[in-house]
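Those protein sequence lines, which keep their order, are chains R and A.
Residue numbers for the first sequence, in this note's numbering: 63 to 382.
Residue numbers for the second sequence, in this note's numbering: 2 to 358.
Hints are not guaranteed to be accurate.
Across the chosen pairs, the derived CB separations fall in these ranges [to be verified]: (1) A/E66 to R/H209: 23 to 29 Å; (2) A/D84 to R/T123: 57 to 63 Å; (3) R/T90 to A/Q129: 55 to 61 Å; (4) A/E75 to R/Q324: 36 to 42 Å; (5) R/D195 to A/G206: 55 to 61 Å; (6) A/R58 to R/K77: 49 to 55 Å; (7) R/P361 to A/Q129: 53 to 59 Å; (8) A/K125 to R/N161: 55 to 61 Å; (9) R/I327 to A/G206: 20 to 26 Å; (10) R/F205 to A/E86: 52 to 58 Å; (11) R/D255 to A/G206: 47 to 53 Å; (12) A/R297 to R/P321: 56 to 62 Å; (13) A/R297 to R/F205: 31 to 37 Å; (14) R/C165 to A/D101: 29 to 35 Å.
Honestly, the hints are just simulated from the structure, not real lab data.
Beta carbons are placed, not taken as given, at the ideal position from N, Cα and C, and that holds for glycine.
As a plain string of letters, each chain reads:
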Amino acid sequence: MSNLLEVEHLKKYFKTPNGMLHAVDDITFSIHEGMTLGVVGESGCGKSTLGRVILGLSDSTDGAICFQGENITRVSSKKRKELRANMQLIFQDPYSSLNPRMCVFDLIADPLRIYKLCRNKKILQDRVFDLMDTVGLARRLAFAYPHELDGGRRQRIGIARALSLKPKFIVCDEPVSALDVSIQAQILNLLQDLQEKRKLTYIFITHDLSVVRHISDDIMVMYLGTVVEKSEAEELFEHPVHPYTKGLLSAIPVPSLEPRPQRIILQGELTSPIEPKQCCRFANRCPYVENRCRSAQPPLEEVSPGHFVSCFRAKEFDQK
Amino acid sequence: MSDNLLEIKDLSIHFYTDDGDVAAVNGVDLTLSRGDTLGLVGETGAGKTTTALGILRLIASPPGEIVSGEILYEGEDLLRKTDKEMQKIRGGKISMIFQDPMTALNPVLRVDEQIAEVVRLHSKCSVQESLKCALEILEKVGIPSERGKDYPHQFSGGMKQRVVIAMALSCNPQLLLADEPTTALDVTIQAQVLDMMKGLKSEFGTSMILITHDLGVVAENCNKVAIMYAGQIVERGTVQDIFNNTSHPYTKGLFNSLPSHQGKSKRLKPIRGLMPDPANLPKGCSFHPRCPYADRLCFSEPAELKEISPGHFSRCHHADKGADLYFPDEEINEIAYSMGFPPSNPGNDILGKGKML
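Let's have the full structure, built from the sequences with the hints guiding it.
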């Protein structure tokens, strides 16, 4: 199995009037072909920015992105267009990501027209209807406009658009967070079916931990632009090591009446990502904070095979 | 007098729009005892918020109208109160926490002033006293009183929600209607806010209706639950009834739609189809187009709320069949297939939203 995507020391800073905003700060990871990497974190931790930088929707400040063994950090716009066919994005909000003046057929045909993939109208029509079948949209909806459809169906259009160019890799940016639970389950099943059939590789960005556990092979937990913990999905849920991950897992409301262990309620809120100090980003909220946490940034270290944690006291917590 | 603080009988709220009459709430019955926390659960458009607004008589009219029903608060019908009397009740005896803290506050007023305004409206006190009172309540929700002079934009989302909660609690209401108080917040902040609300609730002895779509939040905060679907209560009872003896197929479907919190499950079992258009509700049981157990009776006769065990009601023709009704999970898919519904791919037309496509 080979790595489809490799990201090394990726950084993305934004200039703001108050200083540099470190949205993504030194992130390194790789994804095997056909796997799903879940990226979890609270609002403002840089998870969406990470997805956009990987796809080249915004330029990185520093670092390297390799796709299929090829460095794609800086490429010409012609090359970028070629890459886009292989790397697609499913947007978070199915209400604002579709052009309200285009009907379903045109929305799905749009990428095919841009890439001139269909020689004539008949072929185009077949492709679009095929795609609609794949994502579970009734053909009679082809000439409906987005405002006539509910959130679940709109999200299916978004998925059909992303699939139209037969990509290998899709970044799903909170694809289900705007949907009701029963519809959310339908879309998650669809995404999993598609992955199986088409050998897709996903980066699945979400703040919903139960969703990420359900769909991911590996999980990366982000906090203020940095990775605090990264591991195989089950391992992360069974043996979380970083205090933030523990707090995050403990905060999920569980729909069951069985007694559960004492909750860890994290105090405080996310600090500002503008000009962060050289220290552990989580130090202000961490119940186990020590002096060294405030003077240097802990490196991401392997505590057990495939399980990486960025915390000075990781070894100590791991044994508990 | 009974110990029922609030009793809603057969409440119906309709909206008259250009596209026809929308029956947002259809004969809702609810009772709330003192000290209870009732979780009102349902998906978008189920009529949860409309019910809460109906209790406070905040339905905009036109287009909305409370068509029928009684809302008995401490034995008195709120629907017969004059507007003046209602103003005393809103914020004084019953108050509401709105869903979106970002838009619920006035951006051009300092937060202490916004809270003090409520206090002044409900008790005869001077500006100074009301401001002092506002700062005390801010401390209670965990905001240092120095920040009272700040404007809403200077607060984060979690802090704004605390301000909204402070405002709702400022006159010691007996009933709190919390409309998705934590949906807009991150999980760690949600845990903080819910924890705080629990503490305040026991401190003030407030009863609460907690509107949410998150069954996890319900399990941790409520003792009673009512599940709403298409403007009706489809199941209600204690949390134990709902979580451990789930009766209605819709409730069952909601639980199956949730990704498991323990271990990785292969596939989710969503409820097929979509919520019906409230302007065009199906005949018979409103859930029958999506129900895997629906039979002829369900297509023709609306289901009544039946008591299946003391205090546990379910609006299903087959509710009294109890456990026999339920097929093992693997069978559900097969049955659905045999009825012509592809369960894993349910966006298709068979179950469309009536004329809504």
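Now the hints, each set against the structure:
{"no.": "1", "hint": "A/E66 to R/H209: 23 to 29 Å", "verdict": "holds (26 Å)"}
{"no.": "2", "hint": "A/D84 to R/T123: 57 to 63 Å", "verdict": "holds (59 Å)"}
{"no.": "3", "hint": "R/T90 to A/Q129: 55 to 61 Å", "verdict": "holds (58 Å)"}
{"no.": "4", "hint": "A/E75 to R/Q324: 36 to 42 Å", "verdict": "holds (38 Å)"}
{"no.": "5", "hint": "R/D195 to A/G206: 55 to 61 Å", "verdict": "holds (57 Å)"}
{"no.": "6", "hint": "A/R58 to R/K77: 49 to 55 Å", "verdict": "holds (51 Å)"}
{"no.": "7", "hint": "R/P361 to A/Q129: 53 to 59 Å", "verdict": "holds (55 Å)"}
{"no.": "8", "hint": "A/K125 to R/N161: 55 to 61 Å", "verdict": "holds (57 Å)"}
{"no.": "9", "hint": "R/I327 to A/G206: 20 to 26 Å", "verdict": "holds (23 Å)"}
{"no.": "10", "hint": "R/F205 to A/E86: 52 to 58 Å", "verdict": "holds (53 Å)"}
{"no.": "11", "hint": "R/D255 to A/G206: 47 to 53 Å", "verdict": "holds (51 Å)"}
{"no.": "12", "hint": "A/R297 to R/P321: 56 to 62 Å", "verdict": "violated (44 Å)"}
{"no.": "13", "hint": "A/R297 to R/F205: 31 to 37 Å", "verdict": "holds (36 Å)"}
{"no.": "14", "hint": "R/C165 to A/D101: 29 to 35 Å", "verdict": "holds (32 Å)"}
Checked against the numbered hints above, the structure violates only hint 12.
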